[in-house]
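Given these sequences and hints, build the entire structure.
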Amino acid sequence: MIGDLYQSSLRYGASYEEWSEDGASPRPHWAHTIDWLRSVGADELGRRWTRAERRIRENGITYNIYGDPLGANRPWRIDIVPMLIPAAEWRFIESGVIQRATLLSRLLQDLYGPQDLVREGRFPAALLYGNTAFLRPLVGVKVPEHSYLHMLAVDLARSPDGKWWVLADRTQAPSGSGYALENRTIVSDLLPELFRTSNVMRLAPFFRAQRDALTSLSKRENPRVVLLTPGPHNETYFEHSYLAKYLGFALVEGADLTVRDRCVFLKTVDGLERVDVILRRVDDNFCDPLELRGDSLLGVSGLVDAIAAGNVQVANALGSGLIETAAIMPFLPGLARHLLGEELKLPSVATWWCGQESAREWVLANLERVVVKPAFPTLGMEPVFGSQLPDAERKAFIARLQAQPHRYVAQEQVALSTAPVWESGVLNSRSVVLRTYALNTGNGWAVIPGGLVRVAEASGSVVSMQRGGHSKDAWVLADDPGRVDTFSMLRSRDEPVLLRRIPRGVPSRVADNAFWLGRYVERSENIARILRSMVPHVRSAQEADLPSLLRLHGCLRSRHSKLPKRNRRPLTFVALENELLSMLSDPERPDSLPSTLAEVARIGGSIRERLSADMMLLIGQLRSAMQPEATMQLLDYQGALTACLALLSAFSGLERENINRGAGWLFMSIGRRLERAIYITRQLREITTPLAAEDWSFLERLLEVADSSMTYRSRYYTTLQPMPVLDVLLADETNPRSLDFQLEHLVELYEKLPRREEVELESMREALATLRGMDLQALIYPKMAAPATSGVAEGGGAAKRPTRTRASHALTGLHRYLGTLENLLLSWSNHLSSRYFSHARTQPVTIGSDL
Amino acid sequence: MLYKISHRTTYLYKYPVSVGDHVACLRPRSFPGNHLLHSELHISPTPRVFSERVDYFGNTLSFFTVQESHEELVVEAKSQIESTGRKPRSQRDSMPWEDSARSLAEDRSTDALEAYQYQFESPRIRLRADFADYARASFLPERPMREALLDLTARIHADFRFDSKVTTVSTTMEEVFNKRRGVCQDFAHVQIACLRSLNIAARYVSGYLRTYPPPGRPRLIGADASHAWVSAYSRELGWLDVDPTNNVAPTDGHVTLAWGRDYSDVSPLRGLILGGGGHTLQVAVDMEPVEATSEFAGHSIEEPVKQ
Chain L
1 MIGDLYQSSL
11 RYGASYEEWS
21 EDGASPRPHW
31 AHTIDWLRSV
41 GADELGRRWT
51 RAERRIRENG
61 ITYNIYGDPL
71 GANRPWRIDI
81 VPMLIPAAEW
91 RFIESGVIQR
101 ATLLSRLLQD
111 LYGPQDLVRE
121 GRFPAALLYG
131 NTAFLRPLVG
141 VKVPEHSYLH
151 MLAVDLARSP
161 DGKWWVLADR
171 TQAPSGSGYA
181 LENRTIVSDL
191 LPELFRTSNV
201 MRLAPFFRAQ
211 RDALTSLSKR
221 ENPRVVLLTP
231 GPHNETYFEH
241 SYLAKYLGFA
251 LVEGADLTVR
261 DRCVFLKTVD
271 GLERVDVILR
281 RVDDNFCDPL
291 ELRGDSLLGV
301 SGLVDAIAAG
311 NVQVANALGS
321 GLIETAAIMP
331 FLPGLARHLL
341 GEELKLPSVA
351 TWWCGQESAR
361 EWVLANLERV
371 VVKPAFPTLG
381 MEPVFGSQLP
391 DAERKAFIAR
401 LQAQPHRYVA
411 QEQVALSTAP
421 VWESGVLNSR
431 SVVLRTYALN
441 TGNGWAVIPG
451 GLVRVAEASG
461 SVVSMQRGGH
471 SKDAWVLADD
481 PGRVDTFSML
491 RSRDEPVLLR
501 RIPRGVPSRV
511 ADNAFWLGRY
521 VERSENIARI
531 LRSMVPHVRS
541 AQEADLPSLL
551 RLHGCLRSRH
561 SKLPKRNRRP
571 LTFVALENEL
581 LSMLSDPERP
591 DSLPSTLAEV
601 ARIGGSIRER
611 LSADMMLLIG
621 QLRSAMQPEA
631 TMQLLDYQGA
641 LTACLALLSA
651 FSGLERENIN
661 RGAGWLFMSI
671 GRRLERAIYI
681 TRQLREITTP
691 LAAEDWSFLE
701 RLLEVADSSM
711 TYRSRYYTTL
721 QPMPVLDVLL
731 ADETNPRSLD
741 FQLEHLVELY
751 EKLPRREEVE
761 LESMREALAT
771 LRGMDLQALI
781 YPKMAAPATS
791 GVAEGGGAAK
801 RPTRTRASHA
811 LTGLHRYLGT
821 LENLLLSWSN
831 HLSSRYFSHA
841 RTQPVTIGSD
851 L
Chain D
1 MLYKISHRTT
11 YLYKYPVSVG
21 DHVACLRPRS
31 FPGNHLLHSE
41 LHISPTPRVF
51 SERVDYFGNT
61 LSFFTVQESH
71 EELVVEAKSQ
81 IESTGRKPRS
91 QRDSMPWEDS
101 ARSLAEDRST
111 DALEAYQYQF
121 ESPRIRLRAD
131 FADYARASFL
141 PERPMREALL
151 DLTARIHADF
161 RFDSKVTTVS
171 TTMEEVFNKR
181 RGVCQDFAHV
191 QIACLRSLNI
201 AARYVSGYLR
211 TYPPPGRPRL
221 IGADASHAWV
231 SAYSRELGWL
241 DVDPTNNVAP
251 TDGHVTLAWG
261 RDYSDVSPLR
271 GLILGGGGHT
281 LQVAVDMEPV
291 EATSEFAGHS
301 IEEPVKQ
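Here the protein sequences come in this chain order: L and D.
Per our numbering, residue 1 is the first one in the first sequence, and the count goes up by one each step.
Per our numbering, residue 1 is the first one in the second sequence, and the count goes up by one each step.
Certain hints may be false.
[What the hints assert, rightly or not] Derived EDC-like pairs (lysine to aspartate or glutamate); straight-line CA-CA distance at most 20 Å:
| no. | chain 1 | residue 1 | chain 2 | residue 2 |
| --- | --- | --- | --- | --- |
| 1 | L | K142 | L | D161 |
| 2 | L | K142 | D | E72 |
| 3 | L | K395 | D | E52 |
| 4 | L | K752 | L | E655 |
| 5 | L | K373 | L | E412 |
| 6 | D | K14 | D | E68 |
| 7 | L | K142 | D | D55 |
| 8 | L | K395 | D | D133 |
| 9 | D | K14 | D | E72 |
| 10 | L | K163 | L | E44 |
| 11 | L | K373 | L | E357 |
| 12 | D | K78 | D | E236 |
[To be verified] Coverage of chain L stretches by chain D, computed from C-beta distances (three or more under 8 Å per stretch; other residues unrestricted):
| no. | stretch |
| --- | --- |
| 13 | 37 to 51 |
| 14 | 286 to 292 |
| 15 | 298 to 305 |
Don't read these hints as lab results, they were simulated from the structure.
For each residue, glycine too, the CB sits at the ideal point set by N, CA and C.
See below:
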């Protein structure tokens, strides 16, 4: 036995214990796992658990809990001990789930079609008419049969006698299958020995079948499928991006789509691209502000009409939320007999819909035994546990129920089964609910072998991810190793596949985010470099160095600077140190390094389905790289900054070597070049505003920031002088941190963009030509006694020595050029926004409606 | 009475609108007592896409999309309708209202199911105990349905002030009920909520009301407005129309355009636009009787009030 690991506070016998009948010896299908856990021991399990947690954090697997004080993105919580289900038992569950899915699908078809079941009295009319999820505009609209319930999720619980019961059906836009997949990846990785030796049925075939099922909804050749998400604020956004990536579909928000000529199009940087199938994670009511909820910002205006015209398929079909209510459960046995000629295999947990007089009377007489829930989706009603209802509220509650009884449904409270959960070094028993998924392939149903096991918190037996519970992997143990990957309805593997090199158009929203990701990564690097070159000097420098440090700080162009205004008080090192500390550590300050990195993480997270796992990992590490501890002194940051810069270099390495040169990469690179050019321009303007000779240490800082000290030293064996520094940072086209280099690449990148604007391209070329036409050799830096002796090696020799006035005039000209260029750079950024991204941001306005 | 009706809606936008998706509910229904002879819809600029569907309540909805840049949208519905008013199934009024309401829930005939759906809450109608209490002063125990309904209509007419300044399309019915003032749409919503709170099926009717110029003055073209009233279901008599704004049971002076659970199902023209930056709305309704008529057709002796 595993008494050494197992410390349950629960009594055996009160509920079904998954792993053991008597709390001592394991059930046969648990024996191998229990043996293995024991042989591995608590210490090793603890180590692996820590590893799992780190991996979850680094992969950014999150679940958003609305109004969570811990922040919007809560790490996903997972337990490493899988829930085990033997093959024979699974076959029963599977057939029950398939029967239920068939039945519910037929029910939806009738309710959105002829409504015979209502006329024949098999389905109560009040359950239809009183249900806010009944979407009348969809009645009579022809959609493919297998889109009504493309996917159904069923929540299953096991009662103390070992029988499985259905707690709830999710027919709207079932969530969790992506988390199940991620749980499987993590757990099989952490327990490879156990996974390999347990004959666990694989999940991947289910998702391949899902991809094929979605594609088959459209009759068009090579149809485009998108996954419609409410956006990064949604509780399961991580899953949306994870599934989109896994299934190979574009992840889109409502604003990315538009309806033209009764067809749905995706707004991409190449223009509009037709969408054939929408896998939706937006509740159906919110999918079309024109015909459904007018206040929805998540949908696509005209979607219902496009569906009615047969030009787009949506899975699950709009309106499928109608039967998500538990109120239908009492009618399912009768409907199964009528529609399928079969008895319901998996019973629903005892349910009373108060719209029926006899049920209502029973509920009112037995209120303390049930939990009362809203029968229809409405805001503001939490489940009411009859046993916990205070006497004072009881009367009012009963009156409300009796006024509109059809709006209430009561269910028996279930004693959930418990399974072992690894918690702080021991195994505990926790209540579990299994959510499994049935997929309508159009050619029969497929059930995911296993699913998502949700685990109750320590107290109580309410299982809900929204309430902060965690989850487990479910392993269905095949009878023999050959059975783990068999899926009959799969497309044969040797069917020829059409090769395609040209990627599909990148959604405008993705291009927008890629562009800003490039800008913010580069911005982080510039801030980090500037700060790193200042930090060591703030403490050790002479008073005379202060102006040069302040100039460097000026390059940050901080709008939130903590430095006193120049004309008020003399600036001191103390003030500068405080300012640097704020830039390094203040997460509230919008332009601090931690805020900028947080922005990188936010933008990266919103296009995570487009970024590689390595890149997401780096982004996660970047974010934690600059999370200072309270005791840190200024000098302690030096190491953190260097580490941060190393991560940023790794990021740019991935960017250069590991990303396809598609539109996404183009926009990210343009963003990076633009941002770097803006910073260099600012820095150079600090030189072209003539520097006093005593401030020339600024030049050294600047070369350091631009990583160009070596270049400089290898060319000029002299002390630092402004003109050669200008040459290295402005005109040296071989220096990847020079302005010339940035402009040249901007032109190159912009030339590759689809639908580019020639005027803009011309203005970029012109700016580069002007730069290259400048004769730096001819410039004389003010107050310099003699011109530089060792000039620019090439082409400079023949230059006539200009008169002093003309030369300083030329310097002013360069200064002005840089000023104009900075404005140009900003205007190019705006141009890209309005040409490629803006239509992803415009929201239609509702007029004349019933808002 | 035969009418030529023109219903013209104009949106003037501050800035150009690049795309506008719209739904119009401007095709009048045709049924005994409201015979549609002709209907046409003119839209400017000409929409790129136009399609029509009959909605769940039997109204014809026109969907159209203007895909060219425009600063003005004009939608004009022209129709010819012969109205004699809805004839009740019989002149008797014997069934107590409670029996009428109760038995509807158990009847699964097509007519009964069609009526039953108007017994529930809808986007703009909440069922509440205070609405039921207000209605019970008219719906006394065992009182025949029509008698009670007309009494409630008269009470709403008397208790509520017509006031176009206090409400907008977004005013909730609860506010109207508390303030005791509003326009025809609000009156209709209040009465529907009162009826449904007693489990009586009631629907919202949009349409037009004939108006009369002051004696000796010509009829002003385009000065009319769209109107709204209520239809309640009696098991004995079928649908009974009442107009709480004017305290009348509509006959040939009312022309029905559409009906639904409440205003949100039948709003005449709504849409989503890209751009625009603010707009002004003008609605001009003209209802021209084709044959001469001598007196106002209705039960009221008061001047009818339009929206």
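Hints, verified against the model:
For the given pair, K142/L sits about 44 Å from D161/L by alpha-carbon distance, which is inconsistent with the 20 Å threshold. Of the pairs offered as hints, the one joining K142/L and E72/D is violated, with about 35 Å between alpha carbons and a cut-off of 20 Å exceeded. Among the hinted pairs, K395/L with E52/D is inconsistent with the structure: their alpha-carbon atoms are about 50 Å apart, more than 20 Å. Of the supplied pair hints, the one linking K752/L and E655/L holds, its CA atoms being roughly 17 Å apart against a limit of 20 Å.
For the given pair, K373/L sits about 11 Å from E412/L by alpha-carbon distance, which is consistent with the 20 Å threshold. This hinted pair checks out: K14/D and E68/D have alpha carbons roughly 16 Å apart, not beyond 20 Å. Proposed proximity of K142/L and D55/D is supported: the alpha carbons are some 14 Å apart, at most 20 Å. Of the supplied pair hints, the one linking K395/L and D133/D holds, its CA atoms being roughly 18 Å apart against a limit of 20 Å.
Annotation: proposed proximity of K14/D to E72/D holds, straight-line Cα distance about 9 Å (limit 20 Å). The straight-line distance between the Cα atoms of K163/L and E44/L is roughly 35 Å, outside the 20 Å bound, and the hint therefore fails. Taken as a hint, the K373/L and E357/L pair is honoured in the structure, with Cα atoms around 17 Å apart against an allowance of 20 Å. With a CA separation close to 36 Å, the supplied pair K78/D and E236/D exceeds the 20 Å bound.
Coverage of the stretch 37 to 51 of chain L by chain D is violated in this model, with 0 residues showing a Cβ closer than 8 Å to a Cβ of that chain against a need of three. Counting residues of the stretch 286 to 292 of chain L whose CB lies closer than 8 Å to any CB of chain D gives 3, so the stated coverage by that chain holds, three being the minimum. Beta-carbon proximity to chain D at under 8 Å applies to 3 residues in the stretch 298 to 305 of chain L; the threshold of 3 is reached and the given coverage holds.
Comparing the model with each numbered hint stated earlier shows that hints 1, 2, 3, 10, 12 and 13 do not hold.
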